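**Student:** Spelled out from the first residue to the last, the chains are:
Protein chains: 2
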Amino acid sequence: MTGMAAAAPGWLAVAGLGPGGAGLVTPEVSAALAGATDIVGYAPYVARVPARAGLVLHASDNRVELERARHALSLAAAGRRVVVVSSGDPGVFAMASALFEALEAGPPDWAGLDIRILPGITAMLAAAAAAGAPLGHDFCAINLSDNLKPFDLVLKRIRLAVEGDFAMAFYNPRSRARAAQFAQVLDLLRESCAPGRLVIFARAVSTPDEDIRITTLADARPDMADMRTVVLVGSSRTRRAGRFAYTPRSA
Amino acid sequence: MTGMAAAAPGWLAVAGLGPGGAGLVTPEVSAALAGATDIVGYAPYVARVPARAGLVLHASDNRVELERARHALSLAAAGRRVVVVSSGDPGVFAMASALFEALEAGPPDWAGLDIRILPGITAMLAAAAAAGAPLGHDFCAINLSDNLKPFDLVLKRIRLAVEGDFAMAFYNPRSRARAAQFAQVLDLLRESCAPGRLVIFARAVSTPDEDIRITTLADARPDMADMRTVVLVGSSRTRRAGRFAYTPRSA
Numbered sequence: 001m002t003g004m005a006a007a008a009p010g011w012l013a014v015a016g017l018g019p020g021g022a023g024l025v026t027p028e029v030s031a032a033l034a035g036a037t038d039i040v041g042y043a044p045y046v047a048r049v050p051a052r053a054g055l056v057l058h059a060s061d062n063r064v065e066l067e068r069a070r071h072a073l074s075l076a077a078a079g080r081r082v083v084v085v086s087s088g089d090p091g092v093f094a095m096a097s098a099l100f101e102a103l104e105a106g107p108p109d110w111a112g113l114d115i116r117i118l119p120g121i122t123a124m125l126a127a128a129a130a131a132g133a134p135l136g137h138d139f140c141a142i143n144l145s146d147n148l149k150p151f152d153l154v155l156k157r158i159r160l161a162v163e164g165d166f167a168m169a170f171y172n173p174r175s176r177a178r179a180a181q182f183a184q185v186l187d188l189l190r191e192s193c194a195p196g197r198l199v200i201f202a203r204a205v206s207t208p209d210e211d212i213r214i215t216t217l218a219d220a221r222p223d224m225a226d227m228r229t230v231v232l233v234g235s236s237r238t239r240r241a242g243r244f245a246y247t248p249r250s251a
Numbered sequence: 001m002t003g004m005a006a007a008a009p010g011w012l013a014v015a016g017l018g019p020g021g022a023g024l025v026t027p028e029v030s031a032a033l034a035g036a037t038d039i040v041g042y043a044p045y046v047a048r049v050p051a052r053a054g055l056v057l058h059a060s061d062n063r064v065e066l067e068r069a070r071h072a073l074s075l076a077a078a079g080r081r082v083v084v085v086s087s088g089d090p091g092v093f094a095m096a097s098a099l100f101e102a103l104e105a106g107p108p109d110w111a112g113l114d115i116r117i118l119p120g121i122t123a124m125l126a127a128a129a130a131a132g133a134p135l136g137h138d139f140c141a142i143n144l145s146d147n148l149k150p151f152d153l154v155l156k157r158i159r160l161a162v163e164g165d166f167a168m169a170f171y172n173p174r175s176r177a178r179a180a181q182f183a184q185v186l187d188l189l190r191e192s193c194a195p196g197r198l199v200i201f202a203r204a205v206s207t208p209d210e211d212i213r214i215t216t217l218a219d220a221r222p223d224m225a226d227m228r229t230v231v232l233v234g235s236s237r238t239r240r241a242g243r244f245a246y247t248p249r250s251a
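Read top to bottom, the protein sequences are chains A and B.
Numbered according to the UniProt record's numbering, the first sequence spans residues 1 to 251.
Numbered according to the UniProt record's numbering, the second sequence spans residues 1 to 251.
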C-alpha cells in the first residue's frame, strides 16, 4: 500500500428537506448536505440544495426512484459521500423505501454500507400546523396515487378510516392522469360523513405560494387540489376555532 | 398617551422541539425561542430550551395542558412573546389541540392574538428513520392512552387499521397506571396478524439513551415499551433489509 492512501469510506444519507421553507430544514440535514460529495434526487429537490464548489449534482426525472436509488448506492460503494434528497420526510411516500428496495436487490457488499435516514418535516404536519391542529388526535396518512397499488385499496382504506373516525391526510390527491379519482374520494366521504366535516386543502406549504383553505365536505371540489396539495380531512370532532381548525384531544 | 409608548404586540407560538436531539430542532423553532420573552411547558421540555438572561421559564407538571395553555394565552394577551414547547410535533398528541381548546373557552379578545403552530419532527418519524422506513406506505398514528378516550375505541381503531393493512405507530403505549392495556393490544394484534409481523420498539430516539429494537409480533413483550417508547407495527408487507425494516411502496 506504499504511497497509496486508504480510500475514505463512503456513506449514504436519505434526507428530508421538509416541505419547502428553509426554516423547516433540520440542522442534521444541513450538516449532511454540507459534508456530501454528491446529491442525488428528483430535479426540483436537488435544486433546493445550496450550491457549493465541487458538489456534484445528479438530478433525475420523477418516477425513476429505483434507478436513482441504485445510482446513489453505487456511488456510496465507490467511496462517495452521497445525500439522496426527498421533499418532506424521506420515510413518508418518498425515497427511503425505494432505497431499501434497491439495497435488497443489489450486490451483497451494499449491505455493509453506512446508510442513514434523516427525518424531515412531512407535508401533512406542516399543513396541519398552518391550519391549526386538525391531526391533533388519531389519524391516518394515505397516498391516493394508484401508481403502485390498486385504487380499490385506497377506497377501502378511506372507508375503514372513516369507520374508525380517524382524521386523514391524503398525499398525491390528484394528477392530470387521474383527475376523476379524487372526485370519487370526495363522493365516498360524502356518503359516510356529515356535510359539515372539515376539509383542508394545503398547497405549497411553507413556500411563497402557500395557500391554506379550510372548507367543508359540502363545499369541497376536486379542483381545489393539485399536485402540490396535501388534503387533510378532519374526524367527526374536528372543528373551527376562529381562523383555525383543530381536533380536540378527547375523541 | 403622552410619554407612554404603545405596548409591543404579544405573540404565541406552539413549537415542536423534536424527539430530543439538537440536530432535529428546526431553524424556525430556534428562531422563535430566540425571540421569546417567556417559555411555557412541561418541565422536561422547558429544560431543553437554551438558557438566556431575561428569558422567563414557566415549567409545569404533566397533565395540566389546559391550565398551561390558558396561562400562555394570557401572557401573550398581556404583550409577552410566548413559546409553548412540546416534544416532537405540537400537533401530534401534544400541546396544539389543548391551546385551541383553551382559546375557544377563553375571553373573546384572545381570538385576535398572533398565534402560530411551528411543526417539529414527531417521534414516529424519527423512530421510523432510525429503523429504516417502516412507515413507507399508508399508516395510522394512534395514541394508546385512555386518559381522554375509552380504551375500547383504541382497540376498535387498531382492529380497523389491521383490516386495512396499514402500518401503525403507537404513542404512549404504556404507563405504570395501565400496564395491562398494552399487553391487550399485543394480544389483539396476535389474533389477526402473522407471528412474523415486524414490531419496532423505539425508545428515546435521537437522545444518548436511544434504543431501537426490531422484533416480531411472536417475540414482542409488553415490557419492551415504557413511557419513552414509540411502537411501530409494520403492515403485512413490511420486511427486513439487513439491519433495517421497511415497507415497500407497492402495498
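Think of the hints as simulated: they come from the structure by calculation, not from any bench.
Please read all numbers here as calculations on a predicted model, not as lab measurements.
Mixed in with the good hints there might be a few duds.
Repeated chains share a single entry, so a pair holds when one copy, or any two copies, can fit it.
[Unchecked claim] Here are the simulated SDA-like cross-link-like pairs (lysine to any residue), alpha carbons at most 20 Å apart as the crow flies: (1) Lys149 with Leu66; (2) Lys149 with Pro248; (3) Lys156 with Gln184; (4) Lys149 with Arg239; (5) Lys156 with Thr37; (6) Lys156 with Arg203; (7) Lys156 with Ser192; (8) Lys149 with Arg203.
**Student:** For every hint, state whether the structure bears it out.
**Tutor:** Each hint, compared with the structure:
| no. | hint | verdict |
| --- | --- | --- |
| 1 | Lys149 with Leu66 | within (16 Å within a copy, 42 Å between copies) |
| 2 | Lys149 with Pro248 | between (33 Å within a copy, 11 Å between copies) |
| 3 | Lys156 with Gln184 | within (12 Å within a copy, 26 Å between copies) |
| 4 | Lys149 with Arg239 | between (32 Å within a copy, 18 Å between copies) |
| 5 | Lys156 with Thr37 | neither (44 Å within a copy, 49 Å between copies) |
| 6 | Lys156 with Arg203 | neither (26 Å within a copy, 33 Å between copies) |
| 7 | Lys156 with Ser192 | both (13 Å within a copy, 18 Å between copies) |
| 8 | Lys149 with Arg203 | neither (24 Å within a copy, 32 Å between copies) |
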